[in-house]
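Residue numbers (the working numbering), protein chains in the order written: chain A, 5 to 395; chain B, 5 to 395; chain C, 5 to 395.
Hints may be right or wrong, so weigh each one.
It does not matter which identical chain is used: a pair holds within one copy or between any two.
When the alpha-carbon atoms are kept at most 27 Å apart in a straight line, the in silico DSS-like pairs for lysine-lysine are as follows [as the list claims (entries may be wrong)]:
| # | residue 1 | residue 2 |
| --- | --- | --- |
| 1 | Lys385 | Lys102 |
| 2 | Lys14 | Lys92 |
| 3 | Lys167 | Lys385 |
| 4 | Lys14 | Lys167 |
| 5 | Lys294 | Lys385 |
| 6 | Lys143 | Lys167 |
| 7 | Lys302 | Lys19 |
| 8 | Lys294 | Lys102 |
| 9 | Lys143 | Lys19 |
| 10 | Lys385 | Lys143 |
| 11 | Lys167 | Lys302 |
Calculated from the structure, these hints are not laboratory results.
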Amino acid sequence: WNGAPELSSKDGNFKMKVRGRLQTDYNAINQDRAITGSPSVSAMELRRARLGVQGTVWGDVDYILEADFANDAVSMKDAYFKYTGWGKHFAIQVGNFKTFNSLEHLTSSNYIEFLERASFVEAFGIDRQIGIGLLLTDKHYTLSAGLFGPTTGTEETFMRDVKTGSARLTFAPINEEGRVLHFGGSWRYREGATENRTNINPNNDQFFRYRARGADLHLANRFVSTPQIFDQDNFWGIEAAYVHGPWSIQGEYTQLHADVSPLFNGVDSTYRGWYIEGSWFLTGETRPYKDGAFQRVKVLNPVFEGGHGAWQLLARYDVIDLNDNASLIATCTMCGNQNTWQLGVNWHLNNHARLMFNYNQSDITGGNVGATNVNDGATIKGFGARAQVDW
Amino acid sequence: WNGAPELSSKDGNFKMKVRGRLQTDYNAINQDRAITGSPSVSAMELRRARLGVQGTVWGDVDYILEADFANDAVSMKDAYFKYTGWGKHFAIQVGNFKTFNSLEHLTSSNYIEFLERASFVEAFGIDRQIGIGLLLTDKHYTLSAGLFGPTTGTEETFMRDVKTGSARLTFAPINEEGRVLHFGGSWRYREGATENRTNINPNNDQFFRYRARGADLHLANRFVSTPQIFDQDNFWGIEAAYVHGPWSIQGEYTQLHADVSPLFNGVDSTYRGWYIEGSWFLTGETRPYKDGAFQRVKVLNPVFEGGHGAWQLLARYDVIDLNDNASLIATCTMCGNQNTWQLGVNWHLNNHARLMFNYNQSDITGGNVGATNVNDGATIKGFGARAQVDW
Amino acid sequence: WNGAPELSSKDGNFKMKVRGRLQTDYNAINQDRAITGSPSVSAMELRRARLGVQGTVWGDVDYILEADFANDAVSMKDAYFKYTGWGKHFAIQVGNFKTFNSLEHLTSSNYIEFLERASFVEAFGIDRQIGIGLLLTDKHYTLSAGLFGPTTGTEETFMRDVKTGSARLTFAPINEEGRVLHFGGSWRYREGATENRTNINPNNDQFFRYRARGADLHLANRFVSTPQIFDQDNFWGIEAAYVHGPWSIQGEYTQLHADVSPLFNGVDSTYRGWYIEGSWFLTGETRPYKDGAFQRVKVLNPVFEGGHGAWQLLARYDVIDLNDNASLIATCTMCGNQNTWQLGVNWHLNNHARLMFNYNQSDITGGNVGATNVNDGATIKGFGARAQVDW
Numbered sequence: 005w006n007g008a009p010e011l012s013s014k015d016g017n018f019k020m021k022v023r024g025r026l027q028t029d030y031n032a033i034n035q036d037r038a039i040t041g042s043p044s045v046s047a048m049e050l051r052r053a054r055l056g057v058q059g060t061v062w063g064d065v066d067y068i069l070e071a072d073f074a075n076d077a078v079s080m081k082d083a084y085f086k087y088t089g090w091g092k093h094f095a096i097q098v099g100n101f102k103t104f105n106s107l108e109h110l111t112s113s114n115y116i117e118f119l120e121r122a123s124f125v126e127a128f129g130i131d132r133q134i135g136i137g138l139l140l141t142d143k144h145y146t147l148s149a150g151l152f153g154p155t156t157g158t159e160e161t162f163m164r165d166v167k168t169g170s171a172r173l174t175f176a177p178i179n180e181e182g183r184v185l186h187f188g189g190s191w192r193y194r195e196g197a198t199e200n201r202t203n204i205n206p207n208n209d210q211f212f213r214y215r216a217r218g219a220d221l222h223l224a225n226r227f228v229s230t231p232q233i234f235d236q237d238n239f240w241g242i243e244a245a246y247v248h249g250p251w252s253i254q255g256e257y258t259q260l261h262a263d264v265s266p267l268f269n270g271v272d273s274t275y276r277g278w279y280i281e282g283s284w285f286l287t288g289e290t291r292p293y294k295d296g297a298f299q300r301v302k303v304l305n306p307v308f309e310g311g312h313g314a315w316q317l318l319a320r321y322d323v324i325d326l327n328d329n330a331s332l333i334a335t336c337t338m339c340g341n342q343n344t345w346q347l348g349v350n351w352h353l354n355n356h357a358r359l360m361f362n363y364n365q366s367d368i369t370g371g372n373v374g375a376t377n378v379n380d381g382a383t384i385k386g387f388g389a390r391a392q393v394d395w
Numbered sequence: 005w006n007g008a009p010e011l012s013s014k015d016g017n018f019k020m021k022v023r024g025r026l027q028t029d030y031n032a033i034n035q036d037r038a039i040t041g042s043p044s045v046s047a048m049e050l051r052r053a054r055l056g057v058q059g060t061v062w063g064d065v066d067y068i069l070e071a072d073f074a075n076d077a078v079s080m081k082d083a084y085f086k087y088t089g090w091g092k093h094f095a096i097q098v099g100n101f102k103t104f105n106s107l108e109h110l111t112s113s114n115y116i117e118f119l120e121r122a123s124f125v126e127a128f129g130i131d132r133q134i135g136i137g138l139l140l141t142d143k144h145y146t147l148s149a150g151l152f153g154p155t156t157g158t159e160e161t162f163m164r165d166v167k168t169g170s171a172r173l174t175f176a177p178i179n180e181e182g183r184v185l186h187f188g189g190s191w192r193y194r195e196g197a198t199e200n201r202t203n204i205n206p207n208n209d210q211f212f213r214y215r216a217r218g219a220d221l222h223l224a225n226r227f228v229s230t231p232q233i234f235d236q237d238n239f240w241g242i243e244a245a246y247v248h249g250p251w252s253i254q255g256e257y258t259q260l261h262a263d264v265s266p267l268f269n270g271v272d273s274t275y276r277g278w279y280i281e282g283s284w285f286l287t288g289e290t291r292p293y294k295d296g297a298f299q300r301v302k303v304l305n306p307v308f309e310g311g312h313g314a315w316q317l318l319a320r321y322d323v324i325d326l327n328d329n330a331s332l333i334a335t336c337t338m339c340g341n342q343n344t345w346q347l348g349v350n351w352h353l354n355n356h357a358r359l360m361f362n363y364n365q366s367d368i369t370g371g372n373v374g375a376t377n378v379n380d381g382a383t384i385k386g387f388g389a390r391a392q393v394d395w
Numbered sequence: 005w006n007g008a009p010e011l012s013s014k015d016g017n018f019k020m021k022v023r024g025r026l027q028t029d030y031n032a033i034n035q036d037r038a039i040t041g042s043p044s045v046s047a048m049e050l051r052r053a054r055l056g057v058q059g060t061v062w063g064d065v066d067y068i069l070e071a072d073f074a075n076d077a078v079s080m081k082d083a084y085f086k087y088t089g090w091g092k093h094f095a096i097q098v099g100n101f102k103t104f105n106s107l108e109h110l111t112s113s114n115y116i117e118f119l120e121r122a123s124f125v126e127a128f129g130i131d132r133q134i135g136i137g138l139l140l141t142d143k144h145y146t147l148s149a150g151l152f153g154p155t156t157g158t159e160e161t162f163m164r165d166v167k168t169g170s171a172r173l174t175f176a177p178i179n180e181e182g183r184v185l186h187f188g189g190s191w192r193y194r195e196g197a198t199e200n201r202t203n204i205n206p207n208n209d210q211f212f213r214y215r216a217r218g219a220d221l222h223l224a225n226r227f228v229s230t231p232q233i234f235d236q237d238n239f240w241g242i243e244a245a246y247v248h249g250p251w252s253i254q255g256e257y258t259q260l261h262a263d264v265s266p267l268f269n270g271v272d273s274t275y276r277g278w279y280i281e282g283s284w285f286l287t288g289e290t291r292p293y294k295d296g297a298f299q300r301v302k303v304l305n306p307v308f309e310g311g312h313g314a315w316q317l318l319a320r321y322d323v324i325d326l327n328d329n330a331s332l333i334a335t336c337t338m339c340g341n342q343n344t345w346q347l348g349v350n351w352h353l354n355n356h357a358r359l360m361f362n363y364n365q366s367d368i369t370g371g372n373v374g375a376t377n378v379n380d381g382a383t384i385k386g387f388g389a390r391a392q393v394d395w
C-alpha cells in the first residue's frame with residue numbers, strides 16, 4: 005500500500021498500481037491594473053486531475069501511463085516503457101517523460117514545496133517530450149541522457165523534425181535519512197520543426213517563446229514574455245540542495261541562449277532564471293531524497309486519531325530575466341525581468357494529502373525601453389491555496 | 005464487491021475502487037418539421053462513458069476522481085477531496101462536485117428513473133462547479149452549503165470571478181427500507197464573470213442562457229431557449245418524494261430569477277420549472293434512499309440462473325416555462341413554455357445493468373408574440389432507449 | 005494475471021481488470037519531395053496511449069470501456085455492454101465496437117504483425133461505430149452482424165441519421181495449437197447523414213473520402229486520396245490465413261463501391277484493396293487464433309533470467325487502388341494506386357512487450373491524367389520502429 009494498492013503476482017514478476025492526483029486551487033491576485041491593464045483574479049480551478057496506471061510485465065519491463073484531465077482537456081503525462089534488465093543501476097526508457105533538466109522540474113508536482121515551480125521551468129519550456137532515455141542511478145549519483153522529439157500535444161504537421169537532446173549529472177556526497185547534500189548540472193539543446201519554417205505564423209509550434217506568470221501563480225497573466233521568434237535554444241543549469249533534519253535549502257541557476265529564426269527581425273539573446281528557497285518542518289519531518297530528486301514526505305503524526313499532521317514553513321526568491329537585448333528587438337515590449345518573493349505554509353494531513361498556502365509578490369522591470377512597456381514598474385501580489393491528494 | 009472490487013488495506017485505513025459507467029442511447033424523434041424546421045432524428049450515441057477511481061488515504065481523507073469521455077471529449081465529473089475526520093455526520097469537501105440543488109440533480113445518473121433529468125436541471129444550469137462545501141448528514145436530515153467558482157470547462161479568461169453560493173436542507177421524517185418520505189428545499193445564487201463584461205459576446209461563459217431539449221431527449225434540438233443576456237440569477241426549489249414499497253412518487257417546483265446584463269436590452273425575468281413523476285416496480289423492488297437522494301435499486305431476481313430482473317413502469321409530467329416577459333425582450337423569439345408527457349419502462353438486469361425505454365411528447369407554446377416564434381404550437385414526439393452498465 | 009491482474013469475487017460472478025497499452029513510434033520517411041512536394045519526416049509520437057477497464061457484473065453481463073489519449077486528444081475505443089446469458093456461443097453487445105469487417109481490422113493493434121494495418125482498413129473507413137451487434141462463435145466458425153450509427157467523434161449535428169450495416173462469417177476448418185486454416189468474408193453498407201446534405205461542406209462528417217498514408221507509415225502524408233464527395237458506400241472483402249507452427253501466411257481482397265452525392269459532380273466508382281503477408285518465428289513461437297482473429301503470441305523464452313525473447317521475420321505486399329474513373333472526376337487529381345512492399349522484424353521481449361521494425365516502400369501511379377497529378381511516379385520509402393507494452 006502506497007496510497008493505492010500495488011497488486012502483485014505471486015512470483016512478483018507482474019505488478020500493477022492505479023495512480024492519480026487531484027489538486028484544487030484558489031488564487032486571489034492583484035494584477036496592478038493601473039500599470040498592466042489586467043484585472044484582479046479571484047478564481048478556483050482544478051490545477052491537476054490525473055489518472056493513470058503503472059506496473060511491471062514479466063520481471064524487468066515496467067510501464068507507466070498517466071493523463072491529466074484538468075480544464076476538461078487531455079494532457080498526456082508520464083507514458084513510457086522502461087527496461088531494467090541490464091542491472092539495478094541501469095534503465096532505458098521510451099515514451100513520453102521529462103527531459104533530464106532541473107531539480108525543480110524533476111521533483112514531482114506532488115512533492116514540490118511551493119504551489120508552482122520556479123518560473124524558469126515554464127519560461128524555458130522545460131517539460132515532458134517524446135523520446136528515448138538512458139538512466140544510471142546509484143545512491144550517490146545519477147547520470148541520464150536522452151534524445152527527444154516533440155511534446156505530446158504537438159500538431160502532426162509540426163512533429164516532423166523537432167529535435168531535442170538533454171542530459172543531467174547529479175552527485176550527492178551525503179545521502180542519508182535526514183541529511184542530504186546534492187549537486188547537479190544539466191543541459192538541453194532544442195531545435196524547432198525546420199521543414200515548415202517558411203510559414204511565418206507566430207502560433208506555430210515550431211517557434212519558441214519564453215514567458216512567465218505573475219507572482220508565480222497559475223491563474224495570473226503573463227507580464228514578462230518574449231515574442232515567438234526563436235527557432236533554436238541551448239539551456240544549461242546548475243543545482244544544489246542541502247537538507248539537515250527539518251531544515252532544507254535548495255537553489256538553481258539557469259541560462260538559455262535563444263537563436264532568432266532568420267524569418268524574423270531580432271538578435272540572439274541570453275535569458276536567465278534562478279531561485280533560492282528554504283524550508284523548515286516545525287513538526288520534525290525531513291525531505292526524503294532519491295535518484296536525484298526530492299520524494300514523498302513521511303508525516304510523523306498524521307491527522308487521524310489525534311495527530312496534528314506535518315507543518316512546514318517556506319520562503320523563496322525567484323528571478324526570471326528576459327531583458328537581454330530587449331531594446332534591440334522591436335517586438336520585445338514585454339521582455340522584462342520579474343523578481344518574486346514567496347512565503348508559504350504547507351500542512352501535510354498525511355503522506356498523501358496536504359493543504360498549501362502561498363503569499364507571493366512580483367516586481368517587474370525592463371523591456372524594450374524604446375517602445376512602451378506597459379508592465380515596467382508593476383507589482384503583482386497574490387495569494388494561492390491548494391488542497392492536494394494523491395494515490 | 006459493489007460492481008467493481010473495493011480494495012482495502014488490512015487496517016482499513018486505505019481503500020481504493022475503480023469506478024465507471026457506460027450508457028449507450030438510441031433516440032428516434034419527430035421534431036415537427038412543419039413548425040420548427042428541424043429534421044427528424046434517428047441516432048445512437050454514447051451518452052455517458054466514464055472512468056474514475058475513489059478511495060481513502062489514511063483513515064479520514066477520501067477522494068474521488070472521475071471523467072467522462074463521451075463524444076471523444078473530456079468532461080471532468082466528481083473530483084474532490086473530502087475530509088471526514090470531524091465525526092461521522094460531518095464532511096468538508098474541496099474540488100469539483102454538484103452544487104447542492106434539486107433531488108433530481110443530486111440523484112446519480114445511474115439511479116434516475118427516466119433517461120434525462122427533468123428539464124429545469126439543464127435549463128437552469130444546475131451542474132457541478134469547482135468549490136468548497138460542508139455537509140451534515142444524518143438518517144433523517146441533510147444540510148449542505150458551498151461556495152463555488154466556475155465549471156471545469158470554463159476558459160481561463162472567464163474563470164476570474166465567477167461566484168456561486170448554494171445550500172440545501174432536506175428532511176426525511178420516514179426513512180426505512182421500503183418506506184420513505186422526503187421533503188427538501190434548496191437555493192443557488194450565481195454571478196457571471198464581471199471583469200470581462202465590457203465585451204459583448206453572447207458565446208461568453210460570463211452570460212447565462214436558459215434552454216431545454218425537445219421531448220426531454222438528449223439528441224433533440226432545443227425549441228425553448230432564452231437569449232444569452234443574463235449576468236446574475238437566483239434559484240430556489242422545493243422537493244418532495246414518497247416511497248411505499250414498489251410505489252414511488254416524486255416532484256419538484258423550482259423558480260429562477262434572472263437579471264439582464266446592462267449591456268443588453270431586456271427586462272429581468274422569472275422562469276419556472278416543475279415535474280411530478282410516479283413509478284411502480286412490478287417485481288416488488290423498492291427505491292432506496294440515503295443522504296437526501298435516491299440510490300441503487302437492489303434487484304430481487306437478477307437475470308442470471310433463471311431470474312427475470314426487475315421491471316419498473318414510469319410516468320412523468322415535466323414543465324419548463326421560459327415565457328415570462330417574452331414579449332418585452334426583442335430577442336426572446338424562443339422564450340416559450342414546454343410541457344412534456346413521459347412514459348417509461350425500465351428493465352434492471354441486475355444491480356449494475358439496466359435497459360431503459362421512454363416515450364415522450366412535448367407541447368411548445370408562447371415566446372415573443374410580437375416577433376415570429378417559429379416554435380409556438382409545435383409538438384415534439386420521441387422514443388429513447390438506453391443500455392446502461394456501471395461498476 | 006494477464007499483464008494486469010483480473011480481480012474476481014469469490015463466486016466468480018463479478019470480475020474487473022484494468023487494461024491499457026502504450027505504443028511509442030519513430031518514423032523516418034523519404035517522401036520523394038521532387039514529385040510530391042512533401043518534406044521528409046523524422047519524428048516520434050505516441051501512436052497509442054490507452055487506458056480502460058473491463059469486467060463482469062453479475063454473471064453474464066460484461067463490459068469494457070477504453071479510451072485513447074494519444075496526441076492529447078480523447079478517442080473512445082471499445083466501450084460496450086455485452087450480454088452472454090443465452091449460452092456460451094452467443095453474445096449480444098451494445099455500444100462502441102469494431103464493425104464486423106476484415107481479419108486485419110478485427111485483430112487487436114497489440115497483435116497485428118506490422119506497425120500499421122493494410123492500407124484499405126483506413127482508406128475504406130473500417131472502424132469502430134456505435135451500434136448493436138450479435139455474435140455467434142464456436143471453435144470452427146463465427147457469425148456476426150450489427151447495425152450501427154456514427155463513430156464516437158461525430159459532431160452531434162451529423163449524428164442524426166448515419167446508418168451502417170455490417171456482417172461477417174468466418175470458417176476455420178483447422179484450429180488447433182500451432183495449426184490454423186481460416187477463411188472469411190464480410191460486408192458493410194454505409195450511408196452518411198442525409199438530413200444535412202443540402203450543405204456542401206467537404207469537411208462534413210456526412211460525406212466519405214478514401215485515402216491512405218505513404219509507405220504504410222502513420223506519420224507519412226497521404227499521397228493517394230479521393231475527394232470528399234461520396235454519400236453511400238458498399239464494401240465487401242474476403243480473407244484467408246494459414247498458420248503452420250512458426251510459419252504464417254495471411255491475405256485479404258476487398259472492394260468498395262462508392263456513390264457520389266448528387267450535390268457534387270463525379271461518377272460512382274469502385275475501389276480495391278488487397279494484401280498478402282507472411283511471417284516466420286525464428287524462435288519457434290506460433291500465432292494463436294480464436295474467434296475469427298489472431299491473438300496474443302506466447303513467448304517461449306521471455307527476456308528475463310537469460311531468455312532471448314521471440315524473434316519474428318515478416319514480409320508484406322499491400323495494394324490500395326483508388327484509380328477507378330479518376331479521369332472522369334475533375335477533382336480526382338490524387339485518386340491513384342499505391343503498391344507497398346514491407347519488410348519487418350518483431351522482437352517480443354515477453355507476452356506483453358515487443359519492439360517492432362519495418363522498412364516499407366510505396367510506388368504511386370495514376371490519378372486524373374487530364375489534370376496534373378503531382379504524385380504519379382512517386383516512391384515513398386520509410387523506416388518505422390515501435391516500443392509496445394500492453395497490460
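A quick look at each hint next to the structure:
1. Lys385 / Lys102: Neither way: Lys385 and Lys102 sit 30 Å apart in one copy and 32 Å across, limit 27 Å.
2. Lys14 / Lys92: Answer is within: at 21 Å inside a copy they meet the 27 Å cutoff, but 31 Å across does not.
3. Lys167 / Lys385: between (38 Å within a copy, 21 Å between copies)
4. Lys14 / Lys167: The answer is neither: 43 Å in one copy and 49 Å across copies each exceed 27 Å.
5. Lys294 / Lys385: For Lys294 and Lys385, the Cα distance exceeds 27 Å both inside one copy (35 Å) and across copies (45 Å).
6. Lys143 / Lys167: neither (31 Å within a copy, 50 Å between copies)
7. Lys302 / Lys19: Both. Shortest intra-copy (24 Å) and inter-copy (19 Å) distances satisfy the 27 Å Cα cut-off.
8. Lys294 / Lys102: Intra 16 Å, inter 40 Å, cutoff 27 Å: intra-copy only.
9. Lys143 / Lys19: within (24 Å within a copy, 32 Å between copies)
10. Lys385 / Lys143: neither (41 Å within a copy, 46 Å between copies)
11. Lys167 / Lys302: neither (39 Å within a copy, 37 Å between copies)
Going through the hint list in order, the structure does not satisfy hints 1, 4, 5, 6, 10, 11.
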